[in-house]
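Novice: Generate the whole structure from the sequences, applying the supplied hints.
There are 2 protein chains.
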Amino acid sequence: MPYPKVDVDEWRLSVKGCVEEPLHLTYNDLLRLPQITQSVTLECAGNKRALRDPKTRGEQFLLGAISNAVWTGVPLQTILYLAGIRPEAQEIVFQGMDVGFRTDIPDLLSYSRSLPVTKAIHPDTLLALFMNYEPLPAKHGFPVRLVVPGWYAMGSVKWLRRILVIEHPFDGPYQSRDYVLYTRPDDYAHGVPITEIQVNSSIAYPTDQQTVRRGNQYVYGIAWSGSNNVTEIDISTDGGHIWQPADWIDSEQRYTWRRWSFHWKADLPGEYMIMSRASDESGAVQRQQALWNVKGYVNNSIHQVKVYVE
Amino acid sequence: MPYPKVDVDEWRLSVKGCVEEPLHLTYNDLLRLPQITQSVTLECAGNKRALRDPKTRGEQFLLGAISNAVWTGVPLQTILYLAGIRPEAQEIVFQGMDVGFRTDIPDLLSYSRSLPVTKAIHPDTLLALFMNYEPLPAKHGFPVRLVVPGWYAMGSVKWLRRILVIEHPFDGPYQSRDYVLYTRPDDYAHGVPITEIQVNSSIAYPTDQQTVRRGNQYVYGIAWSGSNNVTEIDISTDGGHIWQPADWIDSEQRYTWRRWSFHWKADLPGEYMIMSRASDESGAVQRQQALWNVKGYVNNSIHQVKVYVE
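Chains F and Y, in that order, are what the protein sequence lines are.
Using this note's numbering, read the first sequence as starting at 308 and increasing by one per residue.
Using this note's numbering, read the second sequence as starting at 308 and increasing by one per residue.
Don't take every hint at face value.
Since the list gives no way to pick out one identical chain from another, each pair is judged satisfied if it fits inside one copy or across any two copies.
For lysine-lysine, the following DSSO-like pairs were computed, each having C-alpha atoms within a straight-line distance of at most 27 Å [unchecked claim]:
hint, residue 1, residue 2
1, Lys426, Lys446
2, Lys613, Lys362
3, Lys362, Lys572
4, Lys426, Lys323
5, Lys312, Lys446
6, Lys613, Lys572
7, Lys323, Lys312
It should be emphasised that the hints constitute simulated quantities derived from the structure, not laboratory data.
Specialist: Structure representation (structure tokens):
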């Protein structure tokens, strides 16, 4: 499917529902409002699904369904204060311009997700107009996308066209069927909605099944968490028996991944299982096996790669 | 590593060794020689390595290490006739401008591969100057690359700088250690060099672990072989019990993949194992399990994806 194409002169962002003053904002209206800038890592809830064993249903993402960018835009709270949320408001629904069919619903559907009011009015939740100091590229949601720092990226709705304030929980399929942790097979009655990014790390080099030269090696990777800063990263080169701290390349920055490196004295030829394990300031630490769930979301298992030293 | 960057005014292609008349050709020299154009699929010998079970060493390619393009350039035989190969010539070595380190050799090395004289003077073997009717992009080997139709892509040396005619077999590491089928663990004495692309096919849609809607579905993919045309493509939707022919989207064209589609009446919800199996005009047919080898090359196992119908 092509990305939604938008004529900014005709585009309007409507803010409706349980508000004092419905709004119809132009792109220029948004550009004229005060902007903030922050670095935010966006991770797909299905990142690393392909590493699950046994396999789980859904797109088989490896390590690449994550990225980091600097976002500039209008705090969502500014818009909500302009519209005036009524006290009965419970959730805010964000509707994108991207439409498609699902297997479980007959009609054409646009992508919609909600936020509780508390997260929506958090000062870091953003209507982003710029990505890395340039207008949003078409594929990243031009003209305006939501950026919900600390949450998995399903919440950061792209190509926004409508904000609806409602008095009840939103039950759209991308809220109630997808992006929910169902931890028992065939039991869709009890699920936990996905919100905060869980502490995680990936080894970028060496890659799984790679052969490296004997001697001094450096292992590289990234570590991240949701709204908690990631504070520790430990590496094992012997399959999890001995753990040693790696060195941070980036300092702590909220909502933002941190690159790390680890000096590995790979003096003896052989097979090595290299593992990375991150912890965050809340005390959360990656486990050997992430929680199993039907759709394989939130895979924050300790990452491991098998490497051969020659 | 960045791609080699070439100033075409200074670049020369030297043709030396066991020849009557060594050549130093400029880019303009090559442009002025008669050109031919042909469509050629290039597949990495490690394509689909990640689908091997058990895993094998090397980069974990999935389905994407294959592409097709229309190549225009000077038949290699033209150059070899101009230089005059001597009767003692046994192989032709092609040296690229891409350099790097290996784990098993201390020195910096440029990528080099050889062809036997018979394959080198085959009228379809090409010094390509254009890809899809435009000058080669930097990453595809500008200014000139070899295109060896029907062979795995390790033979199609990019960023050419030197052609050396030799009187003995070439034993560079990319010829004698890599791109060789070692079929017994730890036995590097008996190997079969990789040459011709083996008959193969991939399912592009649906993807593994995808959920699709009940009713009429189309399965899409590609099938290919080396110097033999691919002639038949059969699909199973029940894990290999019943096979039915798919429909060709593309007609037969030598050295070129063919897209196919298969009308699948997915009327009943459930789990399906969809498989594709191609045959070529030599009678070769994909097997359930491709030949195991240490480095996991030439994975032409029948491709299978698990699909859920809802």
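Novice: If a hint holds in the structure, say so; if it doesn't, say that too.
Specialist: Against the structure, the hints come out as follows:
1. Lys426 - Lys446: Within one copy, since 25 Å is at most 27 Å while 45 Å is not.
2. Lys613 - Lys362: both (19 Å within a copy, 10 Å between copies)
3. Lys362 - Lys572: Classified as between: cross-chain Cα gap 25 Å, same-chain 34 Å, threshold 27 Å.
4. Lys426 - Lys323: within (18 Å within a copy, 71 Å between copies)
5. Lys312 - Lys446: Cα proximity of Lys312 and Lys446: one copy only (9 Å, versus 30 Å across).
6. Lys613 - Lys572: within (16 Å within a copy, 42 Å between copies)
7. Lys323 - Lys312: within (23 Å within a copy, 56 Å between copies)
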